[in-house]
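Chemist: The chain contents come next:
2 protein chains.
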Amino acid sequence: MPSIAYFGPRGTFSEQAARVHAGADDTLEPMRTVPAALAAVRAGEADLACVPVENSVEGAVSATMDALAVDEPLVAVAEVVLPVRFSVLVRPNLTADRVRTVASHPHALAQVQGWLAANLPDAAQTAANSTAAAAVGVLDGSWDAAVTAPVAATHYPLDVLATGIADVEGAVTRFLLLRHPGTLPGPTGSDRTSIVVTAAAERTGVLAELLTELALRGINLSRIESRPLKGRLGQYRFYLDFDGHVHEQRVGDALAALHRRCQHVRFLGSYPRAEPSPTSTAAAAGNTDADYAAAGEWLAAVRNGTGG
Amino acid sequence: MPSIAYFGPRGTFSEQAARVHAGADDTLEPMRTVPAALAAVRAGEADLACVPVENSVEGAVSATMDALAVDEPLVAVAEVVLPVRFSVLVRPNLTADRVRTVASHPHALAQVQGWLAANLPDAAQTAANSTAAAAVGVLDGSWDAAVTAPVAATHYPLDVLATGIADVEGAVTRFLLLRHPGTLPGPTGSDRTSIVVTAAAERTGVLAELLTELALRGINLSRIESRPLKGRLGQYRFYLDFDGHVHEQRVGDALAALHRRCQHVRFLGSYPRAEPSPTSTAAAAGNTDADYAAAGEWLAAVRNGTGG
Chain L
1 MPSIAYFGPR GTFSEQAARV HAGADDTLEP MRTVPAALAA VRAGEADLAC
51 VPVENSVEGA VSATMDALAV DEPLVAVAEV VLPVRFSVLV RPNLTADRVR
101 TVASHPHALA QVQGWLAANL PDAAQTAANS TAAAAVGVLD GSWDAAVTAP
151 VAATHYPLDV LATGIADVEG AVTRFLLLRH PGTLPGPTGS DRTSIVVTAA
201 AERTGVLAEL LTELALRGIN LSRIESRPLK GRLGQYRFYL DFDGHVHEQR
251 VGDALAALHR RCQHVRFLGS YPRAEPSPTS TAAAAGNTDA DYAAAGEWLA
301 AVRNGTGG
Chain X
1 MPSIAYFGPR GTFSEQAARV HAGADDTLEP MRTVPAALAA VRAGEADLAC
51 VPVENSVEGA VSATMDALAV DEPLVAVAEV VLPVRFSVLV RPNLTADRVR
101 TVASHPHALA QVQGWLAANL PDAAQTAANS TAAAAVGVLD GSWDAAVTAP
151 VAATHYPLDV LATGIADVEG AVTRFLLLRH PGTLPGPTGS DRTSIVVTAA
201 AERTGVLAEL LTELALRGIN LSRIESRPLK GRLGQYRFYL DFDGHVHEQR
251 VGDALAALHR RCQHVRFLGS YPRAEPSPTS TAAAAGNTDA DYAAAGEWLA
301 AVRNGTGG
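Chains as they are written, first to last, in the UniProt record's numbering: chain L, 1 to 308; chain X, 1 to 308.
The following block holds chain L by itself, in its conformation from the complex:
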């Protein structure tokens, strides 16, 4: 019965993501900020933290990634991908024509401007600290309506005026579930690995070299982001997500190569992909574990004079 810490209050997209992963007996703990959710795991007050890492509609992803790159290491054991679709909650029995004010996180409001213009054109828009905080504000009478994650409707005694709202179809937001380093989830054949590498920016082409180490081993990159290191002009952190599991030879071999080339490599986990890869994630010819084993045996034979 692990406890999962997430960015609260109750009813955020972070909670919705945590519930995708949680079992019936797991307890979910809302935290005041994303870094506080990570800190709870580091301090042993929670078993897992569920935090947004891509295209967040609440909270800054860059701050989350910075918090994962420093302090005590945490590793991801699962990812959750959610569609960016909102619900609009109102006080019981309030009809759309009586909604004068609507609140949400500014990033959420920005993503439903089309729907608001068509459906609540006269409502004044107000910022809230999170989508769930907007629902709390409807409860306490601060405003009439809140743009929230669908899960918020299960926590607060409010009516659902509309649901499934998205100005842009197909947008998704992505979360990781992180815990203390320990036994890794086993390979499933469709896994993803996340790392943070620190490299000197003054060496032209360093990133091309790192990505070539992955490409040479048939490893497909699924995300990359650079962040300048604060106070260290000329040093960069790169966040990389790629297909494969660290227990595969090709991935282990690539990570060892990055470790030789970089000032620092932090392993952020190997975990099952939430969605199957658009193409096969199987290692290309020459990059399977069997290929590595055969090549190792051949090399050993060359070295001990029994083969060639």
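No lab work stands behind these hints: they were computed from the structure.
Covered stretches of chain L (chain X as the covering partner; in silico rule of three or more C-beta atoms under 8 Å from a C-beta of chain X): (1) 59-70; (2) 98-108; (3) 120-129; (4) 216-226.
Backbone N, C-alpha and C fix where the C-beta goes; we use that ideal spot for every residue, glycine too.
Since the structure of chain L is provided, determine the placement of chain X on it from the hints.
Modeler: Same frame as chain L, but now just chain X:
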């Protein structure tokens, strides 16, 4: 006397960035959103748009980048880098011990939690749509204090309770000034070029190839970010910033190579760097314009049978 559209209301970091670039006679126009600032230039209602492209404390950078990648092209003619340092504005003569509520954009509040804990520990924190909207809320009595960009103090009749506030030293935020495509700013010897490329993700190593095209020509990458294309699983956009000007042979040669390799390349501008490069931005040996000219003459001679 160009007009510059920026994310308003008056007093945001976007306005502060626009003022770094603006002349005394330029007019600055606050817009309701970042995409609206870009739309004003596209519609001919403003000459320039000043928008956040990195580490924004107001508004989502990913939405800005998406807006630059589609619709009518715009090109950057300048960049502005600002330190992330806030001011705290209060109603005239209000002392710190009487501040009960403090407001700002949630991303700004997140970056001054240390200062607030030490200086306004009892103040309730409230979200606003922007740092400047928080100042407007102090004026109209919604709350007692606002965490804002320094420039907000010049617009609103409020007292500056504190200034230069930053929990983390050395953080910066970056803006681009964009206009209709036309004559480009000339090379200065310390320039940056921005592009968006679209590539098929199923080809393992495509990004390594693109970055190698830059590295082979001695071009230093300063920023990279990937964005999945909505509704097109398996296609990615990459945002790249690198040293050099499109009028340099090495940069032009690299861009032409990317155009051969990618489904789409959008040029977002070549403009003077706001800060000098940590290392020289000069083309490395073999990559100067003179090197390109000499190599071209030699090749022409080989082809017409007069050299070798």
